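Construct all of the structure, not just a fragment, from the sequences and the given hints.
Quick mapping for you: the protein sequence lines, in order, are chains S and U.
Here our numbering runs 29 ahead of the position in the first sequence, where the first position is 1.
Here our numbering runs 29 ahead of the position in the second sequence, where the first position is 1.
Keep in mind that a hint or two might mislead.
You can't tell identical chains apart in this list, so a pair holds if it fits in one copy or across any two.
As the list claims (entries may be wrong) - Taking lysine-lysine and the DSS-like style, the derived pairs with C-alpha atoms no more than 27 angstroms apart in a straight line are:
(1) Lys320 <-> Lys231
(2) Lys227 <-> Lys267
(3) Lys181 <-> Lys266
(4) Lys146 <-> Lys86
(5) Lys227 <-> Lys320
Source of the hints: derived by calculation from the structure; they are not laboratory data.
Source: prediction; values computed, not measured.
There are 2 protein chains.
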Amino acid sequence: MPKIVETVPNFSEGRDQEKIKRIIASFINHPDIKVVNVEPDQDYNRTVVTLLGESEKMIDALVDFVGVAINEIDLNHHEGQHPRMGAVDVIPFIPISEVSMKDCIADAEKLGSVLNKKYDIPVFLYAEAARNEERVSLPNIRKGEFEGMKTKITMPEWHPDFGEPRMHPTFGAVAVGARPFLIAYNIDLVTKDEEIPKAIAKAIRKSNGGFQYIQAGPAYLDQRGHVQVTMNILDYKKNPIYRIFETVKMEAKRYHVEVSGAEIIGMIPKDALVRSLQYYYDVMKIDTEPKELDLDGIVKAAEYHLQLRDFSTLKIIESHLGNDL
Amino acid sequence: MPKIVETVPNFSEGRDQEKIKRIIASFINHPDIKVVNVEPDQDYNRTVVTLLGESEKMIDALVDFVGVAINEIDLNHHEGQHPRMGAVDVIPFIPISEVSMKDCIADAEKLGSVLNKKYDIPVFLYAEAARNEERVSLPNIRKGEFEGMKTKITMPEWHPDFGEPRMHPTFGAVAVGARPFLIAYNIDLVTKDEEIPKAIAKAIRKSNGGFQYIQAGPAYLDQRGHVQVTMNILDYKKNPIYRIFETVKMEAKRYHVEVSGAEIIGMIPKDALVRSLQYYYDVMKIDTEPKELDLDGIVKAAEYHLQLRDFSTLKIIESHLGNDL
Chain S
30 MPKIVETVPN FSEGRDQEKI KRIIASFINH PDIKVVNVEP DQDYNRTVVT LLGESEKMID
90 ALVDFVGVAI NEIDLNHHEG QHPRMGAVDV IPFIPISEVS MKDCIADAEK LGSVLNKKYD
150 IPVFLYAEAA RNEERVSLPN IRKGEFEGMK TKITMPEWHP DFGEPRMHPT FGAVAVGARP
210 FLIAYNIDLV TKDEEIPKAI AKAIRKSNGG FQYIQAGPAY LDQRGHVQVT MNILDYKKNP
270 IYRIFETVKM EAKRYHVEVS GAEIIGMIPK DALVRSLQYY YDVMKIDTEP KELDLDGIVK
330 AAEYHLQLRD FSTLKIIESH LGNDL
Chain U
30 MPKIVETVPN FSEGRDQEKI KRIIASFINH PDIKVVNVEP DQDYNRTVVT LLGESEKMID
90 ALVDFVGVAI NEIDLNHHEG QHPRMGAVDV IPFIPISEVS MKDCIADAEK LGSVLNKKYD
150 IPVFLYAEAA RNEERVSLPN IRKGEFEGMK TKITMPEWHP DFGEPRMHPT FGAVAVGARP
210 FLIAYNIDLV TKDEEIPKAI AKAIRKSNGG FQYIQAGPAY LDQRGHVQVT MNILDYKKNP
270 IYRIFETVKM EAKRYHVEVS GAEIIGMIPK DALVRSLQYY YDVMKIDTEP KELDLDGIVK
330 AAEYHLQLRD FSTLKIIESH LGNDL
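Below, the structure is given as C-alpha cells:
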C-alpha cells in the first residue's frame, strides 16, 4: 500500500464559481493528487476541498494552491457566515494509509514552514500539531478573525508558529494541522420527536459517559421528515460502526421507534466497513470473509447489514486510490 | 431521606475470631450505625467491614472502633498476603443518600483530624480526598507497608496529612478518603474460553474506548466451570446496568455463546435497579412503574429482566436503612 494522506483545505470563496474553478485548477499540474470532493457553500462563502495523495506530492500541490489563492482572494473584501482568518483558512493533514499521526504532524510543520518562507504569510500549527494547549482548538486560534487578528497576532502569546507577528495584508493567516480521520455517521429514526435522538445521543456519546470516540447529537431532517442521531466516530477501530448501530437500535426499542437506515457523510475507509461487516458475518455464520469482497460487494453488504442508504463505492476512500492498492 | 454515607474500614486481623468480635463490638454502642457486612479473610489476615449511617454518627463510631483496634492489634506481629500499613489500614467514605462527594471529603478530613489528635496516629488522605496527585492511589501511599514506611514517612513528600512524620509504634498509619459508590457486576458466559470475556471486556471498558464508567476484565469461575465478564460500574446513572448487559449480549452473539445470568457482588442502590428495570418495562410496555415496587418485587423483576442470580433484598442498600426512608 502506498503512503496516503488526506488533506481538507478550506478557502474563503464560495460564491464566485469562476474564481473557485481557477483556484481548484491549481491541482491540474499535480495529477498524482486526487481531488475527491469540492464543496462550495454560498452562505459560508467558503469552499471545502478533499484531497488524497502521497505526503511529498501533497505538500507541493498545496504550496501551488495557496499561491493561486493569494492572488485570487483579498480578505478585506470577504464576508460570509463562517468564521475565517485567511484566504486559505485551514489545512488539516489526516493519516489514511501507511502513515502515522506523527508523519502528519511532520507534514503540517513542513508545509507551514514552506508557506511562510515562500509567501510571507503567518502560519499557526493546530490540533495534533499544536505546540501548546491554547492552539489545539482552531476556533481558539481564529477568535477575532481576519479583522481582529491584526492586533491579536502582535501579542506575544499569539505570535504565529512560523513567520513575523503580523497578518498578511490580503491573505491573513492560515492554520495548518494534523488530526485523526473522522467518520461522519447518521442513524435514521422514524419519528419527528427530537427528544428521542437527543436521549439516545446522550446514551452513546463520550461527553455523557458513553463510548470514548463518539460525538453525537440529535438532528431533524426537514426534507425527509424524520430525526437522526448524528455523530462523528473519531476512532472506528475502538468504536466500530456495528457496535454503535446495535446500541442505538437497543436504545430505540424502549421508545418503540423504528431504525430505518443510516448514512455516511463524506468518506469512510474500507477497513471500517470490513470490520463491522465481520460482526454480522460472525453472528450469521457466513463462511466467506468480508475483507475478500470487492468494493461493490462491500457496498451491497453494508446496505444490507448496516442499512446504509445513499451509499456507493465513491464514498469508500480506496475507490479513489487507484488499482495500485 | 436521611443523609447516609457508607464506610468500608479494613483492619489487619482476619484469623483470631475472638479478637475480630471484640473489635466489631465497638459498634454496639452506636445503634444508629448499621453493620451491614463483616468479611474476615484468613489468607489476607484482614477484615473488611461495611457500615451505613449518618455522617456525624459514623465519625463517632469510627473513632471508637479505631480506639479498640489500637489496643487489640500490634502490627509488629502481623503477617498476611494483603499489603497493609496500619492496624486499621484504610477507611473510605462513600456517598449513598442525600450526601455529595464534597460532604464525604469533609467527613474524611474531620475523621482524619480527630484520629490524629486523639490517638497520635499519622493519617493520609487518599482518593477523592487526596491533597495531591501522588496520594490519589492508596497502593502508592502504602508502598513500603508498615515496615518500610517508618523511613518513607520521614521524607518531606511523604509527611502525613495529619500528624507528625513518624509511624505509630504498634498501629502504623491509616489512610482515610472518599470515593464514589461502585457496583461490582459480573455477567456469566456459558463457555470456558477466557478469550471471549476478554474480547467483550475490551469492547465495553473505558480503557479500550468503551463506556466511560466501566472497568472490566475476564474471569474464570473454577467451581462453576464457566467464564465471566467481571466489572465495576463507577457511575450507574451514566452507564446503567441494562445498557451494559444488552451490549454484552450483543457482543456475545458473534461468538455464539449464551449469556446465562449475572450477579451483583456486595451492594447495589435500589435506584440502580429501578433505572435499569425501567428500560425493560418500556420495551415490554409494562404499565406499572418499577419504582413503585417493594424490595421483594424489585428482586423478582431483576431476576427476570436482568437475569440476576444469587440475589436478594439484602444486597439492596435500602434494605439496611430501616423504614424511615
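Hints and how they fare:
no.: 1; hint: Lys320 <-> Lys231; result: between (33 angstroms within a copy, 22 angstroms between copies)
no.: 2; hint: Lys227 <-> Lys267; result: both (23 angstroms within a copy, 15 angstroms between copies)
no.: 3; hint: Lys181 <-> Lys266; result: neither (40 angstroms within a copy, 44 angstroms between copies)
no.: 4; hint: Lys146 <-> Lys86; result: within (18 angstroms within a copy, 72 angstroms between copies)
no.: 5; hint: Lys227 <-> Lys320; result: between (34 angstroms within a copy, 24 angstroms between copies)
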